[in-house]
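Protein chains: 2
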Amino acid sequence: MSEENVVFIGNKPVMNYVLAAVTQLNSGADEVVLKARGRAISRAVDVAEILRNRFMTGLEVKNIKIGTETIETSEGNTANVSAIEIVLTKKK
Amino acid sequence: MSEENVVFIGNKPVMNYVLAAVTQLNSGADEVVLKARGRAISRAVDVAEILRNRFMTGLEVKNIKIGTETIETSEGNTANVSAIEIVLTKKK
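So the sequence lines, in the order shown, correspond to chains A and B.
Take 1 as the starting number for the first sequence in the numbering used here and just add one per residue.
Take 1 as the starting number for the second sequence in the numbering used here and just add one per residue.
Isolated chain A, as found in the complex (with noise of 0.2 Å):
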């Protein structure tokens, strides 16, 4: 079911994010799932914080994982790469 409403932190403004979540859980979820790798994981932890803090502050931290992804570099090699998943839910 989280797989379902996840939305994934690159690199456009961090506003992009913080409504592309709040129409999630806008439209009926009751979690929504942030996912970030290497630099965009400051502003995966900014996207939370500016939806927890300004626009829905009945959202609170679920859980929060980190991890190391492999990728594989434009010439063929593999890289290392840290990962953050963060689930912010409804409070009850």
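Please keep in mind that the hints were generated in silico from the structure rather than gathered at the bench.
One or more of the hints may lead you astray.
Said to hold, decoys possible - Output of the computed footprint for chain B on chain A, the stretches with three or more beta carbons under 8 Å from beta carbons of chain B:
(1) 37-43
(2) 46-56
(3) 66-74
Stated by the list, open to error - Computed far set for chain B versus chain A, every beta-carbon distance over 10 Å:
(4) Val6
(5) Asn16
(6) Ser27
(7) Gly28
(8) Glu31
(9) Asn77
As the list claims (entries may be wrong) - Below, a list of computed lysine-lysine pairs in the DSBU-like style, where the Cα atoms sit at most 35 Å apart:
(10) A:Lys35 <-> A:Lys65
(11) A:Lys35 <-> B:Lys65
(12) A:Lys91 <-> B:Lys12
(13) A:Lys62 <-> B:Lys90
(14) B:Lys35 <-> A:Lys12
(15) A:Lys62 <-> B:Lys35
(16) A:Lys65 <-> A:Lys92
(17) B:Lys92 <-> A:Lys91
(18) A:Lys90 <-> B:Lys65
(19) B:Lys35 <-> A:Lys92
(20) B:Lys35 <-> B:Lys62
(21) B:Lys35 <-> B:Lys91
(22) A:Lys65 <-> B:Lys35
(23) B:Lys35 <-> A:Lys90
(24) B:Lys91 <-> B:Lys12
(25) B:Lys62 <-> B:Lys92
(26) A:Lys65 <-> B:Lys91
(27) A:Lys90 <-> B:Lys91
(28) B:Lys92 <-> A:Lys12
(29) B:Lys65 <-> B:Lys92
(30) A:Lys35 <-> B:Lys92
(31) A:Lys65 <-> B:Lys90
(32) A:Lys90 <-> B:Lys92
Quick reminder that beta carbons are idealized off the backbone N, C-alpha and C, glycines included.
Given chain A, work out where chain B should sit, using these hints.
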């Protein structure tokens, strides 16, 4: 107790912080807390992952907290920055 074992992650190379954490853990601490703000958040996750996967495979993530801190800018204004706290602990 955890306050004694904090590694603040800033803008230095990742390995500096990995070594700081390894040193703390090898001198008897059971856990280490990685703290970072703003852009350094991604680096904190890198430090945690490198520690766990390469240097101290007996470590596990005990807890991750995110939050917002208010800082004063050089012009005297205030700004909000995201923060992260990652607690790593030795597996029993």
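Subject >> Violated hints - listed by number, lowest first >> reply: 12 and 28
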